[in-house]
Structures are given as structure tokens and as C-alpha cells.
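Turn these sequences into a full structure, and let the hints guide you.
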Amino acid sequence: MKTLKELEEIRKRTLETINVRKDRTGTRVVVGMATCGIAAGARPVLMSIMDEVKKNNLADVVVAQTGCIGMCRLEPIVEVYKPGEDKVTYVKVTDAKALRIINEHVMQGKIVEEYTIGAGDK
Amino acid sequence: MEMYRSHVMVCRGTGCTSSNSEQIVKNFEELLKQHGLENEVVVERTGCFGLCALGPIVIIYPEASFYSLVKPEDVEEIVNEHLIKGRVVKRLLYAETIENDTIKSIDDVDFYKKQVRIALRNCGVINPENIDEYIAFDGYKALEKVLTGMKPTEVIDTIKKSGLRGRGGGGFPTGTKWEFAAKSQADQKYVLCNADEGDPGAFMDRSVLEGDPHAVIEAMTIAAYAIGSSQGYVYVRAEYPIAVKRLAIAISQAREYGLLGQNIMGTDFNFDLEIRLGAGAFVCGEETALIASIEGERGMPRPRPPFPAVKGLFGKPTILNNVETYANIPQIINNGAEWFAAMGTEKSKGTKVFALGGKINNTGLVEVPMGTTMREVIFEIGGGIPNGKKFKAAQTGGPSGGCIPMEHIDVPIDYDNLIALGSMMGSGGLIVMDEDNCMVDIARFFLDFTVDESCGKCTPCREGTKRMLDILEKIVEGKGQEGDIEKLETLANTIKNSALCGLGQTAPNPVLSTLKYFRDEYEAHIYDKKCPAGVCQGLAKYTIIEDKCKGCGICAKQCPVTAISGKPKTPYIIEHEKCAKCGVCLEKCPFGAIIKA
Ligand SMILES: Cc1cc2nc3c(=O)[nH]c(=O)nc-3n(C[C@H](O)[C@H](O)[C@H](O)COP(=O)(O)O)c2cc1C
Ligand code: SF4
Ligand code: SF4
Ligand code: SF4
Ligand code: FES
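So the sequences go chain by chain: A and B.
Heads up: the first sequence is residues 1 to 122, going by our numbering.
Heads up: the second sequence is residues 123 to 719, going by our numbering.
Read the hints as simulated data drawn from the structure, not as lab findings.
Here the structure is a predicted model, which means the values were calculated and not measured.
Incorrect hints may have been included.
To give an idea of the chain A side of the interface with chain B (calculated C-beta under 8 angstroms), a few residues [unchecked claim]:
#1 I18
#2 Y81
#3 G84
No residue lacks a Cβ here, since even glycine has one placed at the ideal position from N, Cα and C.
Rendered as C-alpha cells:
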């Protein structure tokens, strides 16, 4: 038997993990934050992204973190999901790069090609 | 709970399961493990997404990439490309989501754009076997609201004000039904759910139970509180094994969480649910027959009154509602009666789920606001008629309903408009017919179904429908006579007025409505001995075109009744009196020299 409080906790906890299936209206910026990412400097990147999002009042932008994305040598990695578009993966992101990603891609819809994973491979 | 970066939703509805979606789930799980991704990517089995004809369907969030016709061997590519490298596998995407090489969101695809998902809101979105996922999207919030803050009369008022009407066929106002039962005094009352789904073209109830079983449990508990009941039954046809299994899992999870059983949510309210399996007779979906069947009697209707709200299961006050009706209830409580009543037409509120079938591009399940036109449903959401054929009519209401011809295709769909057109909403089966369908044959098909399903208790239905069927069979065989149409009409009216239950009362509808809109087709069969659509074999005339016939003699050898004769190298001839209209000669002629007219 669950108390009402427990039900509410289950609701909140589960919603955080599965809301991406319903709420597809906003942009999601996801930072790889496993050990490798943190070692590579993902935390300051995450912080500056959050600051920038707050500063510009981007209410429909969700900043999230995720585990190892599986490409440790390219960390820190930032992924941008815009509804209806392919995911864009940025690699070896720094504070300064993160600011451009937010300003140009998230806010104006212009992908910063030179930081993307495709550009790194070439 | 883990935070996953990607959610792979694999449809495990009946349609996709039969095209092997379980193997797809297993392949995903195995490959993700091989790549060490099992803590980052979660694979969930969901209910039906509605586009069953394009199944198996896989949706991957957060991109909401909609993959269709996925085969187990495609999984490796999806894992390697999409989940590891972040590149959507365009080859496997639902074609409608690709436009000029860019990918559209599924919300912008024609099939989904006009849909409003209330009853189906969780189908394909949650794992129905995990109660936490239901809870996450406001599940059991309505029950909490009701148990901790509303009086039973307030619940009934809310449902009445919402304008919700029964989705099982008749369209009776749900709140009013609850009010009758609430006012009946008794030591026990029952809450029943009708998941018999007898219309052969409908499968929305199955999809709701498979994709969102907790919505039905929550709604029935709310209904029980409103009328003062402590026991409920869900009557499901045994041919729905996946639905039955998911419902059973959901019931046991709800009990575990204290959402069914004694002292629900710590209040003094008690309610529990059991599943009863029906053998799948159409008449068992009728309320009094269904009740008899739960009682262990033969599933036969009895006269009403007394209505079940007064004297139902085991002689106690009982309410029976359809699965889809229930699926709306928690939403109405959470969002308010006004929210619901703002959708739809004056007397039909909210949405309706339709199962699109027949000659239509997007066969599947769609949910649209009441008042959407048939044209929007068929041509915009449904993608129109395949192969450039012309639309002829749409049958709604299954074997109890009728057809809507082209001239009425812009009528807003609601209960009353459909009845005015000589059809009915029914449970939401919608079969599209094109120029190649013979309307007399369609009427015969539905009547054949009701004759088979008649329980035989009353004469008008047992004998009358059979006589109607005999006449129709004569007509499609080319033996129709003057006066047949009038005989059909007289019989139809007698049956409508004197049959005991809805099965008999509505059985003549397909005949009456095709007579109303396509009388000329009946007349062509009877007087001209012609089937305008070329469907009725009995009226077909096979002829050899002299110019094309090479005199090879193949047709004569194949004809089972030796109706073809001729000399080699000269044109052969078919004796029409002898011809059994089997069509073999037409199929076998290597030169296309035989035609059917
Ligand atoms: C022959 C016959 C078959 C029926 N089959 C079903 C059915 O399969 N499912 C259903 O919900 N209602 C069916 N009904 C309607 C039920 O009798 C009843 O009206 C309905 O379940 C009430 O629920 P609602 O008010 O929520 O629609 C059938 C009625 C008749 C006469
Ligand atoms: S109308 Fe038909 S199905 Fe209904 S009780 Fe009479 S015989 Fe049985
Ligand atoms: S339709 Fe059949 S029966 Fe008639 S001529 Fe051809 S093969 Fe013979
Ligand atoms: S099979 Fe065709 S070509 Fe040959 S004899 Fe028959 S009609 Fe003529
Ligand atoms: S069963 Fe998979 S889409 Fe309907």
C-alpha cells in the first residue's frame, strides 16, 4: 500500500525519466556527465550552459545530463535535440563553444557546424 | 530510477506482435547489452500506436523518430547508427515523416496532425505493464481527487456536465446512467466494463486495454465510488489474450499499491475488480446478455425494463460502460467538465476513436474530436483511397450501422448526425468502400454476420433476418425478382419494431441504408441482371473476344463444366447457360481474350 505522498514521489520521479516521450515542444540540451565526461571538463560546460539558458530566459529549453555517450575521447559532448530535427552532437565542447551553441543553434536555429561530430571526423 | 538518454518504444499491440515485434525487443536488449548501453538506453514494450498496417512500429525518443515496418534484422542498424552514432536511419522511417529529405515531427504528419488523443493518450507512450509510468502521466490523480475531495454526487455532476456519452454504441449519457444506479438502494451494486468488442471492424477497446489498462481500472474505481459499489467485473473476449494479460498485471499492481482492495488510498472506500472471459459471441456485448453471461447463464438478452441500473448483475443495481467510455473518465475529472465539453458538437462531446479499415491507405486507429467530418477522417488522416480508386461509401456502426455515401461526406460526425443519415456511431468501426465494392454484396455480408450471431430467442430476429438474407442471396445470384426490394423493406421494418434486443433491432440497418443510397444497384441486379461493380459472381458474364482469341483451347480444357467449345486455331465460344461463372477461363487464358462484364 502506498500513501498519497509516496504516489506523488513515484509520479515525480518517473515523470522526470519518461517525460521526453510526451513533451516534445521544447529543445533539449544534453551534456555527457559520466566519469569520462567530468574528467574532460563537462561540469563547467554544463554550468555555463545552464547560466546562459537562465540569462536568456529560455523557458522551453531543458538542460539535462546523461551518462557516458560512448565516445570518451571526444568528451565533453553536448547533444542538442530540437523537435522534429535530427539530433546534433557537439564534441570537445568548452565554455566558449557552449555559449556559441546556445546562442546560435538553440536560439537562432543555426547549427555550429565546425563543432559537430561530423566536422571532427573529417 | 535511472535517467535514460534514449527511450526505444516497441509496439506490442496485437497487430505488431503478430508481425514479430517481441523479437525486435529481444534484439534491442541483446545488442544494447553487447555495446554496454543498457544503462543509457531503455527498451519498453508499449501498446498500439494506431498505424498497425505499417507495423511493427518502433519510436525512439527524445527525437521521436517513427520507424515503421521494422524487421528483427533491422535492429542492428538502428542500434549502430541511431543509438550509438546519433544518426537516424532514414531508410526505416515512416515515409510520411520524410519530406524533401528533412524529417518532420510525428505531430506534423497528416495521420496524427488532426488527432486529439484522450482515450488513447497513453497508448504507445507508456509501458502498460509498469504502473509507475501510468502514475507519472497523472495516473490515479483523478481517483485521489475524487476520494479525498469530492462527494459521489459531485462526481456524477461532473460527468453529466461533461456531456460524455457511451462509446459502446448507443450513446447514452454516462452521468445519467450513473445517477440512476446511485439512486437505487441496495446492499451491493456492481460496476461492469464491456470489453466484448463484437463489431468485427473495431479494435479500439482492445488497444486501450493493451496500451493503458490502468486508465480503465482507475475509471471503474471512480464509478464505483460515485454509485456506491465495492465490486466490479471486466468482461473481455477470450480472443484478446494480450489485453487480458496486461489487464491482469495492472489489476495486481493496483492492488499492491493499495489502489484496489480495502481502504483505497487510506480512505474507508473499498473496491475490487475481477476479469470475466467471454467466448466472443456478438450478442454477449448486449448488456443484459453480458450480465447473464457473468452470472454463469447462457448469454441471452432479456427484456428491459427492469434496467440494469435498477436490477442488474445478481439482481443488484449495476452500471455497464464501454472501455473507451471509461478511458475518458480520469481525464474529465482531472481537467474538468468544461474542458471536455468544449470539444465536439452540441450534443456529442469529446472525441471518438475510429478503426479505419477497408479501402483506405492508413488503416489503423485514430481519435478525433466529435464533429470532424468524414472527409477529414478518410482523406486527410486516412490518406484517401488506394490505387486512385473512387470513394463510394463508408460503413459506420458495423453490422448494426449503415453507410454514408459521397454526398454526405462533409457532415460532421456525431451521434445524432449519423442516426439522421440512417447509420449510427456504433463502437467506431469505419469501413471504407470504393467503386469496386458492390453495395448489395456489402449488405449481404453484414446480414450474414447477424444471422450467424442471432441468439435465436425471438422470432423476428431468428426467422426474419434469415428471410432477408435469403432474398439478398437470390439477388446477388441473379435470381432477384420484382417485389424483392419491397419485401426486404417490409421485413426490415417488422424486425426493427419487434425484435427483443439491439442485435435484431439494428440488423436490418445495413440493408435499409444501402437501399436508401444505392437503390439503383439493387435494381440493376434485379432487373438488368447486372452487378455494376462487377463483384457478384452470379451475375458475371464471361465472354471470349473473337479478335483476341488465338484458339489455343486452354480455356476449354480448364472449364470445370465444359461450357467452352471450339476448334483449334479458331475463336472459342462460351455457352452462357452452362457457364458456372467460376472465372477459371479468364485466369488461364494466356492471351487475355476473355472478359468479365
Ligand atoms: C448486439 C449488441 C452488441 C453489443 N456489443 C457491444 C460491445 O461489444 N461493446 C460495448 O461496449 N457495447 C456493446 N453493446 C452495447 C451495450 O449493450 C451497452 O449499451 C454498452 O456497453 C453500454 O456502455 P456505454 O454506455 O459506455 O456505451 C452491444 C449492444 C448490442 C445490442
Ligand atoms: S433480437 Fe436476436 S439476438 Fe436479440 S434476443 Fe432476439 S433473437 Fe436473440
Ligand atoms: S467461367 Fe468457369 S464455368 Fe464459365 S466458361 Fe469460364 S471456366 Fe467455364
Ligand atoms: S484460352 Fe484464350 S486464346 Fe485460348 S482458346 Fe480460350 S479464349 Fe481463346
Ligand atoms: S499494434 Fe502496433 S501500431 Fe497497432
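Hint check results:
no., hint, result
1, I18, "holds (6 angstroms)"
2, Y81, "holds (5 angstroms)"
3, G84, "holds (3 angstroms)"
Hint compliance for this structure: no hint is broken.
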